[in-house]
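Fit chain B to the supplied structure of chain A, relying on the hints for placement.
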Amino acid sequence: MVDRLGPLFRHAVLLLGAAVMLAPFVLMLSLSVKPAAEIFAPQFRLLPEQWSAWENYSAAFTKVPLARFLMNGFIVTFCIFAAQAVTALPMAYALAKLRWRGRDTVFGLVLLALLVPPQVPAIPLYIGLWQLGLLDTYAAIILPSTVSVFGIFLMRQFFRTVPNDLIAAARMDGLSELGIVWRIMLPTAAPALAAFGCLSFIWNWNEFFWPYIAVQSEHLMTPPLGIAFFSDTESGTSWGPLMAAATVTTAPLALAFLLAQRAFVRGVTMSGVK
Amino acid sequence: MASVDLIGIGKKFGATDVLRDVTLRVADGEFLAILGASGCGKSTLLRILAGLEGTDQGEVRLGGIEVGHLRPKARDLAMVFQSYALYPYMTVGQNIALPLEMRRLSAWQRLPLLGRLMPGTRAARENIAEDVASVAGPLQLGALLGRKPAQLSGGQRQRVALARAMVRQPAAFLMDEPLSNLDAKLRIEARAEIVALQRRLGATILYVTHDQEEAMAMADRVAVMQGGRVLQVAAPQSLYDDPVSLDVARFVGSPPMNVFPVRLHSSGAVEALGTALPFHATGTAREGIVMGVRPEALRPAEQGIAVTLARIERLGGEALLYCTAPGLAQPLVAQVEAGEANDHAIGAPLRLMPRRALLFDGDGKRMVCRAGSVGAMALASAHG
Chain A
1 MVDRLGPLFR HAVLLLGAAV MLAPFVLMLS LSVKPAAEIF APQFRLLPEQ WSAWENYSAA
61 FTKVPLARFL MNGFIVTFCI FAAQAVTALP MAYALAKLRW RGRDTVFGLV LLALLVPPQV
121 PAIPLYIGLW QLGLLDTYAA IILPSTVSVF GIFLMRQFFR TVPNDLIAAA RMDGLSELGI
181 VWRIMLPTAA PALAAFGCLS FIWNWNEFFW PYIAVQSEHL MTPPLGIAFF SDTESGTSWG
241 PLMAAATVTT APLALAFLLA QRAFVRGVTM SGVK
Chain B
1 MASVDLIGIG KKFGATDVLR DVTLRVADGE FLAILGASGC GKSTLLRILA GLEGTDQGEV
61 RLGGIEVGHL RPKARDLAMV FQSYALYPYM TVGQNIALPL EMRRLSAWQR LPLLGRLMPG
121 TRAARENIAE DVASVAGPLQ LGALLGRKPA QLSGGQRQRV ALARAMVRQP AAFLMDEPLS
181 NLDAKLRIEA RAEIVALQRR LGATILYVTH DQEEAMAMAD RVAVMQGGRV LQVAAPQSLY
241 DDPVSLDVAR FVGSPPMNVF PVRLHSSGAV EALGTALPFH ATGTAREGIV MGVRPEALRP
301 AEQGIAVTLA RIERLGGEAL LYCTAPGLAQ PLVAQVEAGE ANDHAIGAPL RLMPRRALLF
361 DGDGKRMVCR AGSVGAMALA SAHG
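Protein chains in written order, with this note's numbering: chain A, 1 to 274; chain B, 1 to 384.
A couple of the hints might just be wrong.
Label-pair distances were calculated between CB atoms; the ranges are [as the list claims (entries may be wrong)]: (1) LEU134/A with GLY146/B: 46 to 52 Å; (2) SER153/B with PHE150/A: 37 to 43 Å; (3) ALA123/B with ARG68/A: 46 to 52 Å; (4) PHE78/A with GLY14/B: 57 to 63 Å; (5) ALA190/A with ARG311/B: 53 to 59 Å; (6) LEU98/A with ASP363/B: 42 to 48 Å; (7) VAL265/A with GLY14/B: 36 to 42 Å; (8) ALA190/A with ILE7/B: 41 to 47 Å; (9) LYS12/B with PRO187/A: 31 to 37 Å; (10) PRO187/A with GLY39/B: 31 to 37 Å; (11) LEU111/B with ALA12/A: 54 to 60 Å.
The set of hints was computed from the structure by calculation and includes no laboratory data. Glycine is no exception: its CB is placed at the ideal position from the N, C-alpha and C atoms.
Chain A extracted, bound-state conformation (with noise of 0.2 Å):
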């Protein structure tokens, strides 16, 4: 008996779990097919009496520029994660199989800066940008992000299980030590730089607080920015094109997850067991 109770405890527990987390999409989702008159109506139903999902779809990409703010959504993740692998590979290289003397003290920093909120920085970022002329740009959006303690730890990780005679057989064939970065380190991580990407993405995709301090032009706004934008200008009146607008933004995600999904799971547990 309680060899089967066991089990099917354990998973009546992670279904309820389950259940939790992805109560807000099922009902984003349920919303955003639905008209005005019931999202407010009395009883909740999941489907709607009547389907008005093209109406809320068709609104969030004309009301507002959602196309545009996906289309930054998309310029500021890749930027930020090509410019994050580009700093972050070497510096977990030089970390994890470079002999020099203060290595430890780095490492110590990169694992201290892990622990800094990325809201402490923030004020004399802005002023830095702002006397770079920068504000209201891309590269304001960007630059902060350009080095992630995270990535670098992570890598480092990584690149440590890579036996140490492939880079010494590198070396004797004649690569750089940047070309071993890129030609042997690189192509050994790739389910770590996956994993890290797929964090990467997430994060930056819904990071709002420092595109908000950072961009004030409609046209350079990023997903969550917009919505905010959408619901600010609406004014809560149409929830249906706003639920419309959210899942269109959060279906990258989901999609880049499921995508990267082994990769991720790969990566992880590489860099954490061995």
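For chain B alone, kept in the frame of chain A given last:
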């Protein structure tokens, strides 16, 4: 190919001396094995020669030219690693071609897509492919060039590592236990392959191993290392017959040499466990003297050291007799023909007589010891 000289190499890791004043001279085309237990500094020595590790003291010369300041790439040496260190995400062909690409193509020509448009890339790449094929063929890798290392057997991986080292015709080969990950049968085959290759190419090889049999079987000369020092450098046979110290004598030979304490009389007569032996020692040392006898030089005889046969280990062609006696810390091992072992019963008393023997003083240094006459024996027994 070139000669290799390591002169007075010293290396510390923190406070530990890993290498102390190591000097090795390897002639052009010579196969030198560096033999030692793990942690004796032999791999570090190889890495210093390769330029992967710096030195605290000493000089590294290649073909007579000091290369201590050069990076690994510039030293023109190739290394075969114990783990083979094949690039896992490249095919066998790409693995073998990489050292040539790095030397024959410019940085621009190596670019993934753009490189193909650069002038001369195509001709250079074709050249490289030809060279890869010419190395891969004799090593039976021709059909495997498109595979990834993970799809290969241990022996195939080992040959890929060898091919990658050979392809750019380096000044010398450095091999760090290249066969220790193979099973026993393959190891013997690979041994012969490497030796044949060395003869064919006239290659200078420094070969690090902890396996004395491998070192003895393959090398022109063997350097025995212990505790960061070179104990002796000699041809395999003279290392076996004529070791300078007890440490070398114990390291070389399998089963290991029998070592037991002996008494030296002032006349130079030698006595072990109360039995006079037909040897004559010269020298003044009298304390802590031990005799070393190879198992094949220790024979059952009419006269000799009285022991009890404890165990027989049959090896097919030969048999090992493990004999104990009060006063012996470790059993004496005598190697006899397999048929001869049938003459002896376990538990029976036996007398063993060394035919050849080495004497070592209390510090483990060799003493002069000559085979004596029966007269000397009689004299010794009279004294005893």
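Here's how the hints hold up against the structure:
| no. | hint | in the structure |
| --- | --- | --- |
| 1 | LEU134/A with GLY146/B: 46 to 52 Å | holds, 50 Å |
| 2 | SER153/B with PHE150/A: 37 to 43 Å | holds, 40 Å |
| 3 | ALA123/B with ARG68/A: 46 to 52 Å | holds, 50 Å |
| 4 | PHE78/A with GLY14/B: 57 to 63 Å | violated, 46 Å |
| 5 | ALA190/A with ARG311/B: 53 to 59 Å | holds, 56 Å |
| 6 | LEU98/A with ASP363/B: 42 to 48 Å | holds, 43 Å |
| 7 | VAL265/A with GLY14/B: 36 to 42 Å | holds, 40 Å |
| 8 | ALA190/A with ILE7/B: 41 to 47 Å | holds, 45 Å |
| 9 | LYS12/B with PRO187/A: 31 to 37 Å | holds, 36 Å |
| 10 | PRO187/A with GLY39/B: 31 to 37 Å | holds, 33 Å |
| 11 | LEU111/B with ALA12/A: 54 to 60 Å | holds, 56 Å |
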